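S.K.: One letter stands for each residue in the lines below.
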Amino acid sequence: MNRNEEVLRAVSASRAADRLSRRRARLLIFVRAAALAVVSLWLLSRLSSAAPPNKDRPETARGMDRCRCWVLMDIESFYCAPCLEPLLALCRALPARVQEDRILGVLVYEAAGGSERSELRSRIVLKKWQGFRKTHDIRFPAVVDTGPFFRGFLKDGIVVLLAHEGRNVLLSYSLPLKAGQLEEIVETLLDRAEGP
Amino acid sequence: MNGPRWMLWLSLLAISLGAAPPGLGEDAVSRITLKEVLSIGALDDEALFQWTGVAADPDGFIYVLDAMDYSLKKFDPRGANVKKTGRRGQGPGEFMVPRLLDASPNFLFATDQNVAGVYVFDRELNFIKKIPCPALIAHLKALGDDQVAVAVMSFQEPGRILVLNGEGKVLSEIAYVDKNAGVLMDSISFVPDAEGRFYLAYLFQDRIEKWSPDGKRLWSRNLLGGKKAETKKISSFTLPGETCFKDIALDGRGHILVLGGRLAKAPSRTVFVLNAEGELLTTFTLPDTSHCLYFDRGHSLYVQANDGITLKKYRILYE
Numbered sequence: 017m018n019r020n021e022e023v024l025r026a027v028s029a030s031r032a033a034d035r036l037s038r039r040r041a042r043l044l045i046f047v048r049a050a051a052l053a054v055v056s057l058w059l060l061s062r063l064s065s066a067a068p069p070n071k072d073r074p075e076t077a078r079g080m081d082r083c084r085c086w087v088l089m090d091i092e093s094f095y096c097a098p099c100l101e102p103l104l105a106l107c108r109a110l111p112a113r114v115q116e117d118r119i120l121g122v123l124v125y126e127a128a129g130g131s132e133r134s135e136l137r138s139r140i141v142l143k144k145w146q147g148f149r150k151t152h153d154i155r156f157p158a159v160v161d162t163g164p165f166f167r168g169f170l171k172d173g174i175v176v177l178l179a180h181e182g183r184n185v186l187l188s189y190s191l192p193l194k195a196g197q198l199e200e201i202v203e204t205l206l207d208r209a210e211g212p
Numbered sequence: 020m021n022g023p024r025w026m027l028w029l030s031l032l033a034i035s036l037g038a039a040p041p042g043l044g045e046d047a048v049s050r051i052t053l054k055e056v057l058s059i060g061a062l063d064d065e066a067l068f069q070w071t072g073v074a075a076d077p078d079g080f081i082y083v084l085d086a087m088d089y090s091l092k093k094f095d096p097r098g099a100n101v102k103k104t105g106r107r108g109q110g111p112g113e114f115m116v117p118r119l120l121d122a123s124p125n126f127l128f129a130t131d132q133n134v135a136g137v138y139v140f141d142r143e144l145n146f147i148k149k150i151p152c153p154a155l156i157a158h159l160k161a162l163g164d165d166q167v168a169v170a171v172m173s174f175q176e177p178g179r180i181l182v183l184n185g186e187g188k189v190l191s192e193i194a195y196v197d198k199n200a201g202v203l204m205d206s207i208s209f210v211p212d213a214e215g216r217f218y219l220a221y222l223f224q225d226r227i228e229k230w231s232p233d234g235k236r237l238w239s240r241n242l243l244g245g246k247k248a249e250t251k252k253i254s255s256f257t258l259p260g261e262t263c264f265k266d267i268a269l270d271g272r273g274h275i276l277v278l279g280g281r282l283a284k285a286p287s288r289t290v291f292v293l294n295a296e297g298e299l300l301t302t303f304t305l306p307d308t309s310h311c312l313y314f315d316r317g318h319s320l321y322v323q324a325n326d327g328i329t330l331k332k333y334r335i336l337y338e
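Which chain is which? The protein sequence lines are G and P, in order. Taking my numbering, I'd label the letters of the first sequence as residues 17 to 212. Taking my numbering, I'd label the letters of the second sequence as residues 20 to 338.
The hints are simulated quantities; they were obtained by calculation from the structure and are not laboratory data. Please note: incorrect hints may appear among the correct ones.
Some chain G residues close to chain P (C-beta under 10 Å, calculated; not the full set) [unchecked claim]:
(1) C96
(2) R137
(3) I140
(4) H152
(5) R155
(6) P164
(7) F166
In silico SDA-like pairs for lysine to any residue, Cα to Cα no more than 25 Å straight-line [stated by the list, open to error]:
(8) P:K284 with G:K150
(9) P:K252 with P:T302
(10) P:K102 with G:Y95
(11) G:K150 with P:K252
The structure presented is a predicted model; accordingly, all values stated were derived computationally and were not measured. Glycine included, C-beta positions come from ideal geometry on N, C-alpha and C.
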């Protein structure tokens, strides 16, 4: 074997090793990609099964970034006619679009029992709200809250929290409203309020 | 001589062992189970939102008052909604807080919480008239097409049961409270039997009573070991904060069924079963909490489930 043959054989062996190395690398990439795909698919399936179906989810407001008013409600307060009338008057005074975009109802109740019971109770409260909302043609959506934060505000039936951007303050109103308060809320939500 | 004497003792022993214990006559019942035969209203439909009163007519149609949409609804015997009437308001056939309901063979009798009167509807849900009543109504039972019994309450006078005719004339009265026991302490649920006697369950006292048609107390019983409801002070009033009992009903076999309140072992679910003399025969537990017990003419039991969005109808199985 002459020198040239040795060189050619060495080059050939080197190329073969290189091809083998590239094949291994491609295989490794393929295996990694496959593994990634499997993990992604598993994660996606976990996420989709963890999320409740749409019909079970609490209502979410459209344009919630512009929400400026929170109506805190105890479902039992719907039997209190003096509490209810100002709420209905407020809804009658506001166009549907303003209600939908700027108000969020919060149905506050204390969760009792385990998480399963709490989930059922949330759905029951939302169903009652849907019946009430449809009857009165109320347009703002609502979510349920079982935590202590909003409950702290809710001592008497229905409370309206209003972010007054012109005055940079958060205003709180307990229903039934005092004279002039309904107009103040409506004016603020309709952007006709005067600044500070 | 010893032989016949032992025979006599053995006979007496056999008789005593075989004899029914007190309170368990031929109508004895030691265990009650429920078999669900109908369910109206679910989480994903619009049948019921918060039902308060229920009644059934002789043909098996079911009528329900719904406080969340201010309506009176009619369901066929299979549970399909066939009619609905009512809306929020104070006009004829309108409700602000619809609450109590009962049925005679041809009419429905309904109350609105803050109205001193009884609304009368026909079975097609047409509003017929309002029977005036001298005070607000805490409980209601139909005695016939032209007669109702109501428990009335006011701050001025202790509670009474009035029997009214269709024009609101008081035909008879039972003053069941000896003296003013305190605000709301005279609140009752009651049920009449076929002979005109009344069975009373006090909502905030551990007392079940039977009264004769002419206003005499026949017996009085405790079922909760004499427990007292806690009270709380609101403004200048001291009010009871816990319920002893929620409702009372007759099952058509001579049993009195009493639904326990907050102070019962299973709050709003324990049902006490008594005989006509007020002796406790047994108890059973409802699958879900309820605010009322109602029996139709076929002796099926109607109770609440899912916090008022579901109405359950059960057949009672006696053992």
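S.K.: Run every hint past the structure and note whether it holds.
M.R.: Hints, verified against the model:
Annotation: C96 of chain G was flagged as interfacial toward chain P, and the flag holds, the nearest CB pair being 9 Å apart, inside 10 Å. For the restraint placing R137 of chain G at the interface with chain P, the shortest Cβ-Cβ distance is roughly 7 Å, inside the 10 Å limit, so the hint holds. Because the smallest distance between the Cβ of I140 of chain G and any Cβ of chain P comes to about 5 Å, under 10 Å, the interface hint for this residue holds. Because the closest C-beta pair between H152 of chain G and chain P is about 8 Å apart, less than 10 Å, the hint holds.
Interface restraint check: R155 of chain G against chain P, minimum CB-CB distance 17 Å, threshold 10 Å, status violated. Using the Cβ-Cβ criterion of 10 Å, the hint placing P164 of chain G at the interface with chain P is not satisfied: the shortest such distance is roughly 21 Å. Contact between F166 of chain G and chain P, as hinted, is not supported at the beta carbon level, the nearest pair being about 20 Å apart and thus beyond 10 Å. Note on K284 of chain P and K150 of chain G: the hinted pairing is violated, with a Cα-Cα distance of about 38 Å set against a maximum of 25 Å.
Taken as a hint, the K252 of chain P and T302 of chain P pair is broken in the structure, with Cα atoms around 33 Å apart against an allowance of 25 Å. A threshold of 25 Å between alpha carbons decides the hint, and for K102 of chain P with Y95 of chain G the separation of about 24 Å falls inside it, so the pair holds. The hinted pair formed by K150 of chain G and K252 of chain P fails the criterion: a straight-line CA distance of about 37 Å is larger than 25 Å.
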